[in-house]
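Spelled out, the chains give:
2 protein chains.
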Amino acid sequence: MFTQSKRPYLWGIIAAASLILVPAAQASGGATEGEGPGMGTIFLWIAILLILAKTVSLIERFGQPAVLGELVLGVVLGNLALLGFNWFEPVKTNDIMLFLAELGVVILLFQVGLESNIAEMRKVGLSSFLVAVVGVILPFALGTWVVGPWLLPGLSFNAYLFLGAALTATSVGITARVFRDLGALNSDEAKIVLGAAVIDDVLGLIILAVVSAIVSIGSVSGLQVAWILAKAVLFLGGAIVLGQLLAPWLGELFSKINAGIGMKFTLAFSTALILAFLAEEIGLAPIVGAFTAGLILDPVHFRSFYRPEITHHLRKTLKNMPDEVRQSLESTLEAHEHQHVAELIEPVAYAFVPLFFVLTGMAVDITTLFNLPILLVAVGITAVAIIGKLAAGWVAGGKVNKMLVGWGMVPRGEVGLIFATIGRSLGVMTPEAFSVVVVVVIFTTLLPPPILTAMLKKAAAKAAVEQTAPAPAPTSVSE
Amino acid sequence: MFTQSKRPYLWGIIAAASLILVPAAQASGGATEGEGPGMGTIFLWIAILLILAKTVSLIERFGQPAVLGELVLGVVLGNLALLGFNWFEPVKTNDIMLFLAELGVVILLFQVGLESNIAEMRKVGLSSFLVAVVGVILPFALGTWVVGPWLLPGLSFNAYLFLGAALTATSVGITARVFRDLGALNSDEAKIVLGAAVIDDVLGLIILAVVSAIVSIGSVSGLQVAWILAKAVLFLGGAIVLGQLLAPWLGELFSKINAGIGMKFTLAFSTALILAFLAEEIGLAPIVGAFTAGLILDPVHFRSFYRPEITHHLRKTLKNMPDEVRQSLESTLEAHEHQHVAELIEPVAYAFVPLFFVLTGMAVDITTLFNLPILLVAVGITAVAIIGKLAAGWVAGGKVNKMLVGWGMVPRGEVGLIFATIGRSLGVMTPEAFSVVVVVVIFTTLLPPPILTAMLKKAAAKAAVEQTAPAPAPTSVSE
Chain D
9 MFTQSKRPYL
19 WGIIAAASLI
29 LVPAAQASGG
39 ATEGEGPGMG
49 TIFLWIAILL
59 ILAKTVSLIE
69 RFGQPAVLGE
79 LVLGVVLGNL
89 ALLGFNWFEP
99 VKTNDIMLFL
109 AELGVVILLF
119 QVGLESNIAE
129 MRKVGLSSFL
139 VAVVGVILPF
149 ALGTWVVGPW
159 LLPGLSFNAY
169 LFLGAALTAT
179 SVGITARVFR
189 DLGALNSDEA
199 KIVLGAAVID
209 DVLGLIILAV
219 VSAIVSIGSV
229 SGLQVAWILA
239 KAVLFLGGAI
249 VLGQLLAPWL
259 GELFSKINAG
269 IGMKFTLAFS
279 TALILAFLAE
289 EIGLAPIVGA
299 FTAGLILDPV
309 HFRSFYRPEI
319 THHLRKTLKN
329 MPDEVRQSLE
339 STLEAHEHQH
349 VAELIEPVAY
359 AFVPLFFVLT
369 GMAVDITTLF
379 NLPILLVAVG
389 ITAVAIIGKL
399 AAGWVAGGKV
409 NKMLVGWGMV
419 PRGEVGLIFA
429 TIGRSLGVMT
439 PEAFSVVVVV
449 VIFTTLLPPP
459 ILTAMLKKAA
469 AKAAVEQTAP
479 APAPTSVSE
Chain U
9 MFTQSKRPYL
19 WGIIAAASLI
29 LVPAAQASGG
39 ATEGEGPGMG
49 TIFLWIAILL
59 ILAKTVSLIE
69 RFGQPAVLGE
79 LVLGVVLGNL
89 ALLGFNWFEP
99 VKTNDIMLFL
109 AELGVVILLF
119 QVGLESNIAE
129 MRKVGLSSFL
139 VAVVGVILPF
149 ALGTWVVGPW
159 LLPGLSFNAY
169 LFLGAALTAT
179 SVGITARVFR
189 DLGALNSDEA
199 KIVLGAAVID
209 DVLGLIILAV
219 VSAIVSIGSV
229 SGLQVAWILA
239 KAVLFLGGAI
249 VLGQLLAPWL
259 GELFSKINAG
269 IGMKFTLAFS
279 TALILAFLAE
289 EIGLAPIVGA
299 FTAGLILDPV
309 HFRSFYRPEI
319 THHLRKTLKN
329 MPDEVRQSLE
339 STLEAHEHQH
349 VAELIEPVAY
359 AFVPLFFVLT
369 GMAVDITTLF
379 NLPILLVAVG
389 ITAVAIIGKL
399 AAGWVAGGKV
409 NKMLVGWGMV
419 PRGEVGLIFA
429 TIGRSLGVMT
439 PEAFSVVVVV
449 VIFTTLLPPP
459 ILTAMLKKAA
469 AKAAVEQTAP
479 APAPTSVSE
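So the protein sequences, as listed, match chains D and U.
Going by this note's numbering, the final residue of the first sequence carries number 487, and the count climbs one at a time with no gaps.
Going by this note's numbering, the final residue of the second sequence carries number 487, and the count climbs one at a time with no gaps.
Incorrect hints may appear among the rest.
[Claimed, not checked] Okay, the calculated beta carbon distance ranges per label pair:
id	chain 1	residue 1	chain 2	residue 2	range
1	D	233	U	374	27 to 37 Å
2	D	257	U	95	23 to 33 Å
3	U	406	D	253	31 to 41 Å
4	D	93	U	237	51 to 61 Å
5	D	93	U	407	53 to 63 Å
[Unchecked claim] Stretch-level coverage of chain U by chain D, calculated; a stretch enters the list once three of its residues show a Cβ under 8 Å from a Cβ in chain D:
id	stretch
6	47–54
7	101–114
8	268–276
9	349–361
Since the hints were derived computationally from the structure, they do not count as laboratory data.
Every residue gets a Cβ at the ideal spot worked out from N, C-alpha and C, and that includes glycine.
Generate coordinates for the entire structure from the input sequences, incorporating the hints supplied.
Put into structure tokens, the structure is as follows:
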């Protein structure tokens, strides 16, 4: 093999790194062994993960959400090394793969935001707020003062503080994906969970700041807490208000200069990325920014890009037609007319969203489950983690399915791990306590998808009986 | 700022690197300074580059190809540091940005392959072959035995050998983009250039191998050359033959299990990535693999995914309608029906293709142009580099515009740099000779877009006169 194989990107690298690359190329004949995988290898990883993910997503046929298949696939691939098959190991820690996975979850939450609606979210705002507050306070209190001291006796108070904090924040990616996979993103329950998850993120940010400060310097000022809160509120509020004011004007402007579909895509995609960046800058999760971007870019402001005069003309023509003809053509027209920004983003989502969930699954180290004492303690703490969120679901107002809201808040994903990692690095959490949190994260990540699915189906069936008409099974929107 | 800002990807990183990350997070309050830019920063870079690229691509209004705007934008951004503005500097060498740029050019060549057609390519096969062979041999001979010794006297024969080799291989990305931007991808000239560029790549591979071997070990066996040639021919031939045989069968299979648009996208995208990987593995450029993938996945095999029964039904309904109605609806239906794989790939292209051209521009160091002796020598060698390819265009058979073919072969891009870099690392090329090659690459990269544009427009105007009917100006396909 020759260095030529790396040509298209060498153009960029050469200016800075030619002398590093070339000796390696000479030594190995051009392959990239010893200095990380080449770009070709990463292309191959992406292709294999996407094909496998799409294949396991066929479990949608059996009414399961695709995300469950992707998570389990990830767990299997990530632990194949236990069987001596190491090929997938470097994927877990490769910077480029981790970036693409992050890009994937940013795109997913952007999509979810696009499919949500500020006015609708506002209606459930109080419910979301209550669910978020209870869902943060209860697990925190239970973890810090009850199950921590009880199941993991002998640790410092600070350790319990971190354990409690690790049980608070919801990782909304998984829940959003389940609701989306099953076409239930427009339900009140979904809106409450999404809103609560955003508020959760702000609360989690504050708790992390306070707990870290207490552990590090023994105290924290009310001013510091207020400043964090102010930044977060300003970001969310500012983005939504400014966005609402600017988006129609921008949409109008760009539809006037008739810059086409490419411009439409670029503006939408860039807005998501910029808000993800800003969210990260002020300490929120990038996905909160991406979700906000989706809320702002209500498709309506972009629809004018699509030359409404054409579909308007067709619609007028249709009016004078026999009913049968009109109906059969109406749906075609509908599809044509509604090709808005969400549809433009969809293919990019196909390329990257599954990578996030597969990589999330791959980060699960199942050997953690082989240690019985840790496993038992973790089961107990998982129960508390779940009960805390189910109780939070209970305070959701209105005629919603409270259990559904509660289970929607259960996934902790990476959030819990970050708390535990910081606790460990500050020297307050023992390796055992850390392992316990890892197992809790595994359970709270893998349990909700099948449970939410079962509940959503039961709800659909019940609704069908109440209407005494057979309701269609929830269909997937991810195809 | 708090570590929480990095939460969604830490989930993946933590397992392997928690102890590296966390102290840094503590020290800096969670930001990622000192260990490369955070993901949020990369999101911001992407957003800014895409918005700027889309804005400069408005030069399409003035009949210029978008790629020219993107390249010049890149040159400007990449040299802002000369004015003391360093913000864009880290973009040039960031691994993730370079990967995304590479992904962009892979997607572009995949698109170009999708829009090309094996049968059509075969028709111009002989022309492509002749253009490629002359376009490799002539610049190589002129560089090694004529302008090298003449303009850069006093160097070793091996240095001239590398200079000649650096002048051979065409970097087809830029030409393909210009033809595509101006809607001329289906012209005979475009087909000849694309075919020749693929053959060029194989020839360049052989020259690099032979020249490197001569310099390193003093000789090279015919067997080694034959083996390289065999691998390349096997890859291209094998992929096309196997692909032609398998694609209809796979398309049929997957349309039967009715796995939807997501599966269609995944299969197409993954095929491009896998062939890009395989091409790199055997030492060809990844873009050659991606182009081959596009050729294989003739959209026809994928159209069956699109539920033809629906459009078929609509078409039948349309038949019985008054002419006026039928016509106005026919076009809507057409658009609906032809949403094939190329359209699914388009949004992903919007997100990444401009990054490649902007980063290509950014790699241009304009200070190289400030050294007058080097500049003069480079101008002379550029002239030879261009003349060699124009002569190659001359041997293209048929009634094609030979100058257009010739200019289409001119861009050297990163390819020339790789040869020069290897020459330098082997100790045979002086820093001056290397700088000369850098300048030649700049000229051959930046000159062809405006010249190709002017020639394509002149040709279109001429065709219009010949038909004594006003032909539409070439329209952009990139919107």
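Here's how the hints hold up against the structure:
| no. | hint | result |
| --- | --- | --- |
| 1 | 233(D) x 374(U): 27 to 37 Å | 50 Å, violated |
| 2 | 257(D) x 95(U): 23 to 33 Å | 28 Å, holds |
| 3 | 406(U) x 253(D): 31 to 41 Å | 59 Å, violated |
| 4 | 93(D) x 237(U): 51 to 61 Å | 35 Å, violated |
| 5 | 93(D) x 407(U): 53 to 63 Å | 57 Å, holds |
| 6 | 47–54 | holds (count 7) |
| 7 | 101–114 | holds (count 10) |
| 8 | 268–276 | holds (count 7) |
| 9 | 349–361 | holds (count 7) |
The structure is inconsistent with the numbered hints 1, 3 and 4, although it conforms to all the rest.
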